[in-house]
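Asker: Each chain, letter by letter, is given below.
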Amino acid sequence: MLDHLSAAWNFRHGGLYLTPSRGQAGRYARHNPFGSELFTKCAYLVELIEAAPQAREPAFFRDYPELLALLRRPGTPVVVRIGKIAVADLLDERGGPAEGPLQHLPANWIGSIGEDRRRLDAISARLESDDPVVQAAAVADFRAVQEEGLHAETFLEILSAQTNFESRGVYPADDLTFDDLPDEPGI
Amino acid sequence: MRHTLTTYSWPEGQPLSEFLPFALYHGTSSVWVPSIREHGLGGRTILDEFRGREFLRLAFDHAQNAGLEIDPFAAQAIG
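Read top to bottom, the protein sequences are chains V and S.
FYI, the numbering for the first sequence is 430 to 616, going by our numbering.
FYI, the numbering for the second sequence is 479 to 557, going by our numbering.
No wet-lab data here; the hints were simulated from the structure.
It cannot be assumed that every hint is accurate.
Unchecked claim - Sample of chain V residues facing chain S (criterion: CB under 8 Å; computed from the structure): (1) Y446; (2) T448; (3) P449; (4) V475; (5) L499; (6) R501; (7) V563; (8) T592; (9) Y600.
No residue lacks a Cβ here, since even glycine has one placed at the ideal position from N, Cα and C.
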């Protein structure tokens with residue numbers, strides 16, 4: 430499993446890491462069944478130690494009963510979406526202020542987010558229609574938008590390749606959306 | 479038939495410099511969802527609570543002293 434982990438996850442450990450890319454968050458979740466890269470490494474070493482010939486459980490294992498219990502019960506991948514984020518709470522992945530990478534966002538890309546949103550909101554409203562003809566037309570429009578590719582989606586993938594963020598904020602559950610991922614790879 | 483669309487939201491009227499104009503995502507495990515619901519995302523420092531770094535250091539040293547072949551990726555966390 431470790432072979433699949435890329436250098437992209439070479440973050441400082443311990444913070445709350447956030448990415449503009451849902452796909453990237455999903456890949457991280459799939460590769461870290463305990464929710465943290467550091468726990469993944471702990472689980473790897475426990476497995477390595479226990480699989481060694483004539484292995485006896487190291488004495489220090491007894492000092493970490495909660496951690497070992499966690500490492501023996503891997504979970505399933507979940508992506509959490511945070512909709513409202515104060516820039517002041519964010520650091521870039523090197524620990525500097527997030528304003529740096531954000532200042533380089535081209536204005537037209539920022540504009541395209543609003544444009545995409547307006548288009549999708551308009552289609553979404555028509556999808557709610559009770560009229561099957563209106564609804565079918567909205568489905569066709571949505572498929573056309575998908576094929577064309579949203580400006581903002583492209584922009585966010587580019588941004589996520591450039592940087593991810595660490596947050597010092599706490600986000601209450603009411604502001605979050607939880608998305609359980611299926612077992613198969615790719616989202 | 480209902481459809482779900484991806485949309486971006488930010489507080490109306492807020493300058494872009496204060497709030498991000500797009501959502502961010504966090505990849506995690508189902509193990510932590512009840513805790514996140516209770517304490518909020520970022521509300522607990524689980525690596526500290528479970529003494530993860532300390533354990534990793536001990537486990538790494540143990541594996542190394544036992545002459546086990548350690549994946550270089552796992553070794554990255556120790557430096």
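Asker: Against each hint, give a clear statement of whether it holds in the structure.
Answerer: Evaluation of the provided hints:
no., hint, result
1, Y446, "holds, 7 Å"
2, T448, "holds, 6 Å"
3, P449, "holds, 6 Å"
4, V475, "holds, 7 Å"
5, L499, "holds, 7 Å"
6, R501, "violated, 11 Å"
7, V563, "violated, 13 Å"
8, T592, "violated, 11 Å"
9, Y600, "holds, 4 Å"
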